[in-house]
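**Student:** Sequence:
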Amino acid sequence: MIKFAKLSAGKAFVIGSILCGILFFQTQAFAQFELMSKIDSIVREAIQDRSNPNYLKPVVALKANESLVANADPDTKSFYAQYQGFYNSFVTNYDSALYYFDKALMIEGRKKIVVKSLDSKQVKVPDAKNYILQRAKREQVIMINEAHHVGQHRAFAATLLAGLYQQGFRFLMVETLSHKDTLLNQRGYPLANSGYFTLEPMMSNLIRQAIKLGFKVLPYEANKRGTSRSKQQAMHLQEVLKKNPEAKMLVYGGIQNIEENHQKKSWVKMGEEFIKLTGINPFTIDQTEMTERFHKKYEHVYYRQVIKQGWLKNSPIVLEYQSKPWVADTGNLFVNYVDVQVFLPRTQLKNGRPTWLSWGTAKKYYKVDPKKWNIKQECLVQAFKPSDAENAVPIDQIHLKQLDKPSYLVLPKGSYQVKVWDVEKRLLMEKRVLVK
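In the working numbering, the protein residues as written are 1 to 436.
Simulated from the structure, these hints should not be mistaken for laboratory data. These numbers come from a predicted model, not from an experiment. Mixed in with the good hints, there may be bad ones.
To be verified - No farther apart than 25 Å at their CA atoms in a straight line, the calculated lysine-lysine pairs in the BS3-like style are these:
{"id": "1", "residue 1": "K297", "residue 2": "K308"}
{"id": "2", "residue 1": "K231", "residue 2": "K248"}
{"id": "3", "residue 1": "K129", "residue 2": "K313"}
{"id": "4", "residue 1": "K243", "residue 2": "K216"}
{"id": "5", "residue 1": "K77", "residue 2": "K63"}
{"id": "6", "residue 1": "K216", "residue 2": "K242"}
{"id": "7", "residue 1": "K137", "residue 2": "K276"}
{"id": "8", "residue 1": "K242", "residue 2": "K231"}
{"id": "9", "residue 1": "K324", "residue 2": "K313"}
{"id": "10", "residue 1": "K216", "residue 2": "K248"}
{"id": "11", "residue 1": "K405", "residue 2": "K372"}
{"id": "12", "residue 1": "K180", "residue 2": "K224"}
{"id": "13", "residue 1": "K372", "residue 2": "K431"}
{"id": "14", "residue 1": "K405", "residue 2": "K367"}
{"id": "15", "residue 1": "K385", "residue 2": "K431"}
{"id": "16", "residue 1": "K324", "residue 2": "K308"}
{"id": "17", "residue 1": "K313", "residue 2": "K297"}
{"id": "18", "residue 1": "K231", "residue 2": "K243"}
{"id": "19", "residue 1": "K372", "residue 2": "K419"}
{"id": "20", "residue 1": "K413", "residue 2": "K367"}
{"id": "21", "residue 1": "K324", "residue 2": "K116"}
{"id": "22", "residue 1": "K116", "residue 2": "K313"}
{"id": "23", "residue 1": "K385", "residue 2": "K436"}
{"id": "24", "residue 1": "K38", "residue 2": "K63"}
{"id": "25", "residue 1": "K180", "residue 2": "K385"}
{"id": "26", "residue 1": "K63", "residue 2": "K401"}
{"id": "27", "residue 1": "K212", "residue 2": "K137"}
{"id": "28", "residue 1": "K216", "residue 2": "K137"}
{"id": "29", "residue 1": "K248", "residue 2": "K137"}
{"id": "30", "residue 1": "K63", "residue 2": "K425"}
{"id": "31", "residue 1": "K296", "residue 2": "K350"}
{"id": "32", "residue 1": "K308", "residue 2": "K350"}
Unchecked claim - Computed beta-carbon distance windows for the label pairs:
{"id": "33", "residue 1": "P412", "residue 2": "E378", "range": "23 to 29 Å"}
{"id": "34", "residue 1": "T355", "residue 2": "E239", "range": "37 to 43 Å"}
{"id": "35", "residue 1": "L434", "residue 2": "N314", "range": "27 to 33 Å"}
{"id": "36", "residue 1": "A247", "residue 2": "N130", "range": "21 to 27 Å"}
{"id": "37", "residue 1": "V301", "residue 2": "S387", "range": "47 to 53 Å"}
{"id": "38", "residue 1": "P412", "residue 2": "A247", "range": "27 to 33 Å"}
{"id": "39", "residue 1": "K431", "residue 2": "H295", "range": "37 to 43 Å"}
{"id": "40", "residue 1": "L434", "residue 2": "K121", "range": "49 to 55 Å"}
Ideal placement from N, C-alpha and C gives every residue a C-beta, glycine not left out.
Model the full assembly from the supplied sequences, consistent with the hints where possible.
**Tutor:** Quick look at the structure:
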């Protein structure tokens, strides 16, 4: 115990200040932990039954508790915003997902990226799908990433599947899948507890489409203790290739995981671990940098320039400079060390829904009129295949908030079971519909 009486006034003040500072930061850390736990519990209570989740309640409950983080520290605000981003994407509020991730990434504090001018005469902008499929002819393993709140990334990945299958690719490895769902390929579609980001319809549809084409869809997420997540993921990929040495594989992962190298003081990513384990140099494709943000000012400066030049319009492109694939300097902040970056166009809407929902697949707009359907409250409208299990992930769903105008489900032709739920997941309506 320190006896302040025997210390000089100055020393006592300094030591006392240090102790008060330690106590302050301990109190702050505890408050931060408590608030994060509160946010986490809001979500967990809403989706405690993962086999039958309430998609809508986390969105509504988090919004109702937004004041909790008004004066919180940046990490807690980011934690809250990421949850909002993910759960808004699950109910296809994709614009809200972008909005919250602008906050989650704290982009205001990003290091300014120095722009190097490009000679436009030496720039080519081939169609991204065609470029990737042409390059795939000489590849055994392709890795493509996504931002976990951006459905557009899944929509683009889905456009590659048929062409890759024709070239002999037979395995689709998906990061978010649970190892426990051993019947996925037999069943043909994900259930609500097949994974985490598989709760989002576009992710689920990506997997559906792959299985229908003939891909074997497998998980590769880390599932043991004692080894780093990145290395475990790479080991799971290696196991598949050991059993199928000539197999061609598409690996679908999150943001930085596919990087083939790493910055000093950064962790070794799955892509780099994979190269070390297998000796295979994968073709790595980034979708997460040259993509829209809710606020244009937060978009990568090169992304804005490419749009300004008129090079990026309605379809994804890659950029070749001096006859080589060009990858931007991201300021050592996000994805570096990849082979190519895809530039994805800003979202365009038709009937209030993103047009990229129909990329690669013919779909129709099915009107949901709140007045004709006698819907009088905020709700979730889901469309399922009639033959799907009760806890399947819907083909599409919409969060209905505006009751004075129609909204639209975006669906392939066929028969669907449409269910309407309130915020507490009470069934308000159920009907069979035919999309022609």
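**Student:** A separate judgement is required for each hint: does it hold in the structure or not?
**Tutor:** A quick look at each hint next to the structure:
1. Our distance criterion of 25 Å between C-alpha atoms is met by K297 and K308, whose separation comes to about 13 Å.
2. About 20 Å separates the Cα atoms of K231 and K248, which keeps this hinted pair within 25 Å; it holds.
3. Distance hint between K129 and K313 is fulfilled; the C-alpha atoms sit about 14 Å from each other, no more than 25 Å.
4. Annotation: proposed proximity of K243 to K216 holds, straight-line Cα distance about 14 Å (limit 25 Å).
5. Proposed proximity of K77 and K63 is supported: the alpha carbons are some 13 Å apart, at most 25 Å.
6. With a CA separation close to 16 Å, the supplied pair K216 and K242 stays within the 25 Å bound.
7. This hinted pair checks out: K137 and K276 have alpha carbons roughly 23 Å apart, not beyond 25 Å.
8. Taking the CA atoms of K242 and K231, the gap is near 16 Å; set against the 25 Å cutoff, the hint holds.
9. Restraint check for K324 and K313: satisfied, since their Cα atoms lie roughly 21 Å apart, inside the 25 Å limit.
10. Distance hint between K216 and K248 is fulfilled; the C-alpha atoms sit about 11 Å from each other, no more than 25 Å.
11. Proximity of K405 to K372 is assessed by CA-CA distance (about 11 Å); at most 25 Å being required, the pair is judged to hold.
12. As the CA atoms of K180 and K224 are separated by approximately 13 Å, the hinted pair is consistent with the 25 Å bound.
13. A distance of roughly 13 Å separates the Cα atoms of K372 and K431; the hinted pair therefore holds under the 25 Å criterion.
14. A threshold of 25 Å between alpha carbons decides the hint, and for K405 with K367 the separation of about 10 Å falls inside it, so the pair holds.
15. Between K385 and K431, the direct Cα distance comes to roughly 12 Å. Compliance with the 25 Å bound is thereby established for this hinted pair.
16. Proximity of K324 to K308 is assessed by CA-CA distance (about 22 Å); at most 25 Å being required, the pair is judged to hold.
17. A threshold of 25 Å between alpha carbons decides the hint, and for K313 with K297 the separation of about 19 Å falls inside it, so the pair holds.
18. Between the alpha carbons of K231 and K243 the distance comes to roughly 19 Å, so the proposed pair stays at or under 25 Å and holds.
19. Between K372 and K419 the CA atoms are separated by roughly 15 Å; this keeps the pair inside 25 Å, and the hint holds.
20. Distance check on the hinted pair: K413 and K367 sit about 14 Å apart at the alpha-carbon level, within 25 Å; holds.
21. For the hint linking K324 to K116, the alpha-carbon distance of about 16 Å falls within 25 Å, and the restraint holds.
22. With a C-alpha separation of about 22 Å, the suggested pair K116 and K313 falls inside the 25 Å cut-off, and the hint holds.
23. The suggested pairing of K385 with K436 holds, with an alpha-carbon distance near 15 Å, which does not exceed 25 Å.
24. Distance check on the hinted pair: K38 and K63 sit about 13 Å apart at the alpha-carbon level, within 25 Å; holds.
25. As the CA atoms of K180 and K385 are separated by approximately 23 Å, the hinted pair is consistent with the 25 Å bound.
26. The suggested pairing of K63 with K401 holds, with an alpha-carbon distance near 13 Å, which does not exceed 25 Å.
27. For the suggested pair K212 and K137, the alpha carbons sit about 22 Å apart, so the restraint of at most 25 Å is met.
28. With a C-alpha separation of about 20 Å, the suggested pairing of K216 with K137 holds against the 25 Å cut-off.
29. Of the pairs offered as hints, the one joining K248 and K137 holds, with about 10 Å between alpha carbons and a cut-off of 25 Å not exceeded.
30. A C-alpha spacing of about 17 Å is found between K63 and K425, which places the hinted pair at or below 25 Å, so the restraint holds.
31. Straight-line distance between C-alpha atoms of K296 and K350 comes to about 21 Å, which keeps the hinted pair within the 25 Å bound.
32. Restraint check for K308 and K350: satisfied, since their Cα atoms lie roughly 23 Å apart, inside the 25 Å limit.
33. The hint said 23 to 29 Å for the Cβ distance between P412 and E378, and at roughly 27 Å that hint holds.
34. Range check, T355 to E239: Cβ separation about 39 Å, and the 37 to 43 Å hint holds.
35. Checked against the hint of 27 to 33 Å, the pair L434 and N314 passes, with Cβ atoms roughly 30 Å apart.
36. Distance hint check: the CB atoms of A247 and N130 are about 24 Å apart, consistent with the given range 21 to 27 Å.
37. Between V301 and S387 the CB atoms are about 48 Å apart, so this pair conforms to the stated range of 47 to 53 Å.
38. A C-beta distance of roughly 30 Å is found between P412 and A247, which places it inside the suggested range of 27 to 33 Å.
39. Separated by about 39 Å at the C-beta atoms, K431 and H295 satisfy the suggested range of 37 to 43 Å.
40. A C-beta distance of roughly 54 Å is found between L434 and K121, which places it inside the suggested range of 49 to 55 Å.
The structure shown violates none of the earlier numbered hints.
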